[in-house]
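K.L.:
Sequence:
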Amino acid sequence: MLFSIAADILKAIQILPNVTRFNQELPTSRLLQKRTPGVGKTTLGKELAQRTGLTYVNIGDLAQEGQLYDGYDEEYQCPILDEDRVVDELDEKMVEGGVIVDYHGCDLFPERWFHIVFVLRTDNTQLYTRLESRGYTGKKLQDNVQCEIFQTIYEEATEAYNEEIVHQLPSNTPDDLERNLEQIMQWTEQWTKDHN
Numbered sequence: 093m094l095f096s097i098a099a100d101i102l103k104a105i106q107i108l109p110n111v112t113r114f115n116q117e118l119p120t121s122r123l124l125q126k127r128t129p130g131v132g133k134t135t136l137g138k139e140l141a142q143r144t145g146l147t148y149v150n151i152g153d154l155a156q157e158g159q160l161y162d163g164y165d166e167e168y169q170c171p172i173l174d175e176d177r178v179v180d181e182l183d184e185k186m187v188e189g190g191v192i193v194d195y196h197g198c199d200l201f202p203e204r205w206f207h208i209v210f211v212l213r214t215d216n217t218q219l220y221t222r223l224e225s226r227g228y229t230g231k232k233l234q235d236n237v238q239c240e241i242f243q244t245i246y247e248e249a250t251e252a253y254n255e256e257i258v259h260q261l262p263s264n265t266p267d268d269l270e271r272n273l274e275q276i277m278q279w280t281e282q283w284t285k286d287h288n
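Per this note's numbering, the very first residue in the sequence shown carries number 93; after that it's consecutive.
In short, the hints are calculated from the structure, not lab data. Take these hints with a grain of salt, some might be off.
Listed below are the simulated EDC-like cross-link pairs for lysine to aspartate or glutamate, each with C-alpha atoms no more than 16 Å apart in a straight line [stated by the list, open to error]:
{"id": "1", "residue 1": "Lys138", "residue 2": "Glu247"}
{"id": "2", "residue 1": "Lys138", "residue 2": "Asp153"}
{"id": "3", "residue 1": "Lys232", "residue 2": "Glu166"}
{"id": "4", "residue 1": "Lys138", "residue 2": "Glu274"}
{"id": "5", "residue 1": "Lys185", "residue 2": "Glu203"}
{"id": "6", "residue 1": "Lys231", "residue 2": "Glu167"}
{"id": "7", "residue 1": "Lys232", "residue 2": "Asp165"}
{"id": "8", "residue 1": "Lys232", "residue 2": "Asp153"}
{"id": "9", "residue 1": "Lys231", "residue 2": "Asp165"}
{"id": "10", "residue 1": "Lys231", "residue 2": "Glu166"}
Using the sequences provided together with the hints, build the complete structure.
P.N.:
Encoded structure:
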């Protein structure tokens with residue numbers, strides 16, 4: 093990605109409101125977006141892609157389209173991702189750069205793929221409501237809220253990648269979204285200047 097972004101329990105990266113396109117050199121950087129489900133990573137990733145011209149990849153959609161599964165988890169009522177096939181599917185795009193990756197985990201992605209990782213954080217009460225409205229119940233709902241409470245995703249990101257490239261961003265309000273987009277856009281512009 094511009095930066096490659098991974099999210100769902102992953103966190104997010106975003107972009108500046110008044111910028112419509114990056115220069116041609118920009119799409120070589122990569123950003124990872126991480127976050128717990130329901131914290132706004134998809135909204136942020138899609139908006140970032142629209143404003144920057146980067147390619148947005150939602151790992152859940154990619155897996156569904158290519159049937160990149162390795163079974164089904166009855167407890168969480170969801171397919172089990174075939175991580176090796178996902179990495180194989182994305183590797184060429186990631187090497188080219190200019191990709192935003194949206195997923196909830198990071199340990200399956202090679203460290204070399206990302207220049208920066210953003211972890212979105214959401215107030216637990218808001219997160220509970222968002223997940224409940226998506227139909228999450230029982231253990232799946234509780235585990236995802238606990239991931240946010242205990243900063244599980246942030247910890248995973250700092251263990252998987254150099255701590256210096258992992259950043260947390262609040263994701264509670266539309267104003268947070270715009271601020272996050274601005275911060276990420278500024279980072280992107282600086283990264284491009286520094287690496288061209």
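K.L.:
Against this structure, judge whether each hint is valid.
P.N.:
Results of checking the hints against the structure:
no.	hint	result
1	Lys138 <-> Glu247	violated (25 Å)
2	Lys138 <-> Asp153	holds (13 Å)
3	Lys232 <-> Glu166	holds (11 Å)
4	Lys138 <-> Glu274	holds (15 Å)
5	Lys185 <-> Glu203	holds (15 Å)
6	Lys231 <-> Glu167	holds (8 Å)
7	Lys232 <-> Asp165	holds (11 Å)
8	Lys232 <-> Asp153	violated (20 Å)
9	Lys231 <-> Asp165	holds (12 Å)
10	Lys231 <-> Glu166	holds (11 Å)
The structure is inconsistent with the numbered hints 1, 8, although it conforms to all the rest.
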